[in-house]
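S.K.: Sequence:
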Amino acid sequence: MIAVFSVLVLLLAFVYGPLPGRAHRRRRTCVTACVDSAMAIDLACAVVASGASLTRALEALDSALAEEPEASGLASVAGKLLMGASWSEAWEGIGTRFVPLRDALEPSWDSGAAPVPLLERTAASIRAARSRAAREAAAELAARLVLPLGLCFLPAFVLVGVVPVVVSTGMTILG
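Whatever position you read off the sequence shown (first residue = 1), add 136 for this note's numbering.
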């Protein structure tokens, strides 16, 4: 009986893919080593709200992120902007991690819009998208767990709960 359940679990692991714990551990090390984009936007918002210019905010954010494994390159963006480069030229070569920051600050640089509300809204939308993705992943996990739980616990419930009652009732009626 245990061999049947072992084969069933191995078959389900083959069908559903690797266990989520391993991927979670890999993802967790990256989260502890890297400041996420919403936090970086919050830091930039705090610097801009204190009265610093956009270029000074990028330099301060670069120095705040200096201990990360990957260089942010935001100080070079600030330097290019100060030297007269266009917004798109200054941001060339910067990774996708700072795209929300770039998009949030672009109206401020081009047309002089207030950067603080734009940064706050961008950070809030990143967090809302992350929360929505977590809820969707939880719903997907619940749907994926129905088959293994049904195949493992239903036979156990029948063997432990139903069979003894039927046997006991049969023994009472026949005995």
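Keep in mind the hints are simulated off the structure, nothing from the lab.
Even for Gly, the Cβ is constructed at its ideal location relative to N, Cα and C.
There's no promise every hint is true.
Said to hold, decoys possible - For each label pair, taking beta carbons as the anchor points, the in silico distance ranges come out as: (1) Pro284 / Ala202: 19 to 25 Å; (2) Leu281 / Gly187: 19 to 25 Å; (3) Val298 / Asp172: 20 to 26 Å; (4) Pro300 / Ala273: 36 to 42 Å; (5) Glu256 / Ala202: 21 to 27 Å; (6) Arg266 / Leu295: 38 to 44 Å.
S.K.: Each hint: holds or not?
M.R.: Results of checking the hints against the structure:
Checking the proposed 19 to 25 Å range against proline 284 and alanine 202 shows it is violated: the Cβ atoms sit about 46 Å from each other. Between leucine 281 and glycine 187 the beta carbons are some 52 Å apart, a value that contradicts the proposed interval 19 to 25 Å. Here the CB-CB span from valine 298 to aspartate 172 is close to 50 Å, at odds with the stated 20 to 26 Å. In this structure, proline 300 and alanine 273 meet the distance hint of 36 to 42 Å, their C-beta atoms being roughly 39 Å apart.
Hint check: glutamate 256 to alanine 202, Cβ distance near 25 Å, so the stated range 21 to 27 Å holds. Range check, arginine 266 to leucine 295: about 43 Å between beta-carbon atoms, so the 38 to 44 Å window is met.
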